[in-house]
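Produce the entire structure from the sequences given, and follow the hints as far as they go.
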Amino acid sequence: MNKLVAAAAAAGISFNSAHSAPLPEARADDVGVSKQRLAKLDEFFAGEIAAKRVPGAVVAIARDGKLIHYKAYGQLDPEKGTSMRLDAMFALASMTKPMVAVAGLTLMEQGRLPLRARLTDYYPEFANMKVGVPQPDGSLKFEAQSSPIYVHDLYRHTSGLTYGAPPDSSDQVARLYPDFAAPPVKGDKKAFIEGITKLPLAHQPGTEFEYGFSTDVLGAVVEQVSEQPLGEYLSSNLWKPIGMLDATFHLSGSQRERLARPFKDEPLTGKPQGIELLESPTKFDCGGACAFATVGDYVRFGQMLLNGGELDGQRILGPRTVHHMISNHLGPEIKNKVANVEPHRAGFGFGLGVAVRISEGLSAVPGNPGEFTWTGAYGTQFFCDPKERLVVVVGTAAPGEIRKYYREQVQNIVYAGIVR
Numbered sequence: 001m002n003k004l005v006a007a008a009a010a011a012g013i014s015f016n017s018a019h020s021a022p023l024p025e026a027r028a029d030d031v032g033v034s035k036q037r038l039a040k041l042d043e044f045f046a047g048e049i050a051a052k053r054v055p056g057a058v059v060a061i062a063r064d065g066k067l068i069h070y071k072a073y074g075q076l077d078p079e080k081g082t083s084m085r086l087d088a089m090f091a092l093a094s095m096t097k098p099m100v101a102v103a104g105l106t107l108m109e110q111g112r113l114p115l116r117a118r119l120t121d122y123y124p125e126f127a128n129m130k131v132g133v134p135q136p137d138g139s140l141k142f143e144a145q146s147s148p149i150y151v152h153d154l155y156r157h158t159s160g161l162t163y164g165a166p167p168d169s170s171d172q173v174a175r176l177y178p179d180f181a182a183p184p185v186k187g188d189k190k191a192f193i194e195g196i197t198k199l200p201l202a203h204q205p206g207t208e209f210e211y212g213f214s215t216d217v218l219g220a221v222v223e224q225v226s227e228q229p230l231g232e233y234l235s236s237n238l239w240k241p242i243g244m245l246d247a248t249f250h251l252s253g254s255q256r257e258r259l260a261r262p263f264k265d266e267p268l269t270g271k272p273q274g275i276e277l278l279e280s281p282t283k284f285d286c287g288g289a290c291a292f293a294t295v296g297d298y299v300r301f302g303q304m305l306l307n308g309g310e311l312d313g314q315r316i317l318g319p320r321t322v323h324h325m326i327s328n329h330l331g332p333e334i335k336n337k338v339a340n341v342e343p344h345r346a347g348f349g350f351g352l353g354v355a356v357r358i359s360e361g362l363s364a365v366p367g368n369p370g371e372f373t374w375t376g377a378y379g380t381q382f383f384c385d386p387k388e389r390l391v392v393v394v395g396t397a398a399p400g401e402i403r404k405y406y407r408e409q410v411q412n413i414v415y416a417g418i419v420r
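Quick note: the sequence shown, position 380, residue 380 per the working numbering, numbers continuous.
These are calculated hints, taken from the structure and not from any lab test. None of the values given here were measured: they were computed from a predicted structure. Ideal Cβ placement from N, Cα and C applies to all residues, glycine included. Incorrect hints may appear among the rest.
Restraint ranges, calculated between C-beta atoms of paired labels, are given here [said to hold, decoys possible]:
(1) Lys271 to Asp30: 29 to 39 Å
(2) Asp30 to Ser83: 44 to 54 Å
(3) Glu194 to Asp265: 49 to 59 Å
(4) Lys271 to Ser327: 33 to 43 Å
(5) Arg116 to Thr82: 47 to 57 Å
(6) Arg116 to Ala39: 45 to 55 Å
(7) Asp188 to Phe142: 24 to 34 Å
(8) Thr82 to Gly361: 38 to 48 Å
(9) Ser146 to Ser34: 52 to 62 Å
In silico DMTMM-like links for lysine to aspartate or glutamate, alpha-carbon gap of 20 Å or less [unchecked claim]:
(10) Lys71 to Asp121
(11) Lys189 to Glu276
(12) Lys240 to Asp29
(13) Lys186 to Asp171
(14) Lys52 to Asp64
(15) Lys52 to Asp42
(16) Lys189 to Glu227
(17) Lys240 to Asp312
(18) Lys190 to Glu143
(19) Lys404 to Asp87
(20) Lys335 to Asp171
(21) Lys264 to Asp29
(22) Lys198 to Glu232
(23) Lys190 to Asp179
Printed below as a string of structure tokens:
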């Protein structure tokens, strides 16, 4: 038994692949988390997997910078019956967004991308976008922008850009937009910018939180300022420095073999489901949805933020910048609709690329003001609680509505295990 496996066994960590631990390990009880209570996580996933509600999962939990739980459950590929592995690759979907926010903030720290920069300084086409105002007869009235879109609006989703909605949606503007994964699969960045700037904005810039393509546009701005593809910039300025070894926009052959795949049919409805980005190579590095990584990679990312921008001697951001990132940026003049994205987000505002808990209570899950978090539409989740010195990352391939159930139950079980 090598030292890594021996340490893992001592810490009660399941190393069922050759992948090394992403952070130093510790016993849960030694950092104030009950190992016995945390074992409910194993029971929970065993039951869900047996009931065929989720194929499998990887969960990483760190407290005080030490990994106290790192396990793979169930199956990597339910069609092939292969076991889940710790180094499984997950399509991150919207968990790409916090990483792109960090990329933008590294440029801000260099004086190259201020929050109050106008989007039209980088892409003049956005000046022509009108605001679509729904009328009682079902039509749209188009109004000029009363304020420009600032880079700040891209981080906090107040640009007025939205995501597509199905044809039966009551949202007239969202019905005109594409699905979140469609632009990078169907066209390049130029086509994306050309297409989106022909659509109406859902709201006047700076007035409402509206989840949508803002971070994809932020990624395009990062490319303009850095003069590099987004993936190259992230690799040089975030992924490689802190050892996110598998993070990428473009999978290698060996990474593709480690992809976590969903059930062919959605467990709750029985309708066919899939993860389009697993099968269709993207034509540009979309900052809103297109990255892949392991849970081990992402727990290092979360720990870097919790540490105030540094990990293992590699500083990505200054601590004051991270503090600004994880503060609420939805002032009283902005309509806060963060809880519309996920029902358990009552009591949350939004910072620069992450949701931020601003109130005690209200939310359906425990936590403390200052917790910051985001999730991905294909079944991934991360949250960091500075007060509890806690980082949690979950990977599943569960693109249906059931993914929201897992997010809530994991958070409930993890907080129940904290005893001091």
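Now for the hints, and whether the structure bears them out:
1. Lys271 to Asp30: 29 to 39 Å: violated (46 Å)
2. Asp30 to Ser83: 44 to 54 Å: About 29 Å separates the Cβ atoms of Asp30 and Ser83, which means 44 to 54 Å is violated.
3. Glu194 to Asp265: 49 to 59 Å: violated (36 Å)
4. Lys271 to Ser327: 33 to 43 Å: With a Cβ separation near 40 Å, Lys271 and Ser327 satisfy 33 to 43 Å, so the hint holds.
5. Arg116 to Thr82: 47 to 57 Å: holds (50 Å)
6. Arg116 to Ala39: 45 to 55 Å: Roughly 49 Å apart at Cβ, these two residues keep to the hinted range, so it holds.
7. Asp188 to Phe142: 24 to 34 Å: holds (28 Å)
8. Thr82 to Gly361: 38 to 48 Å: holds (43 Å)
9. Ser146 to Ser34: 52 to 62 Å: holds (54 Å)
10. Lys71 to Asp121: Outside the cut-off at roughly 46 Å; violated.
11. Lys189 to Glu276: holds (18 Å)
12. Lys240 to Asp29: Roughly 32 Å separates the two Cα atoms, so the pair is violated.
13. Lys186 to Asp171: Given that 20 Å is the threshold and the Cα spacing comes to 24 Å, the pair is violated.
14. Lys52 to Asp64: violated (34 Å)
15. Lys52 to Asp42: This hinted pair holds, its Cα atoms lying about 15 Å apart.
16. Lys189 to Glu227: Holds - the C-alpha atoms of Glu227 and Lys189 are around 14 Å apart, at most 20 Å.
17. Lys240 to Asp312: Judged against 20 Å, a Cα distance of about 12 Å means the pair holds.
18. Lys190 to Glu143: Violated, at about 25 Å.
19. Lys404 to Asp87: Between Lys404 and Asp87 the Cα gap is close to 23 Å, so the pair fails against 20 Å, i.e. violated.
20. Lys335 to Asp171: holds (17 Å)
21. Lys264 to Asp29: Roughly 39 Å between the alpha carbons, so the hint for Lys264 and Asp29 is violated.
22. Lys198 to Glu232: violated (29 Å)
23. Lys190 to Asp179: holds (17 Å)
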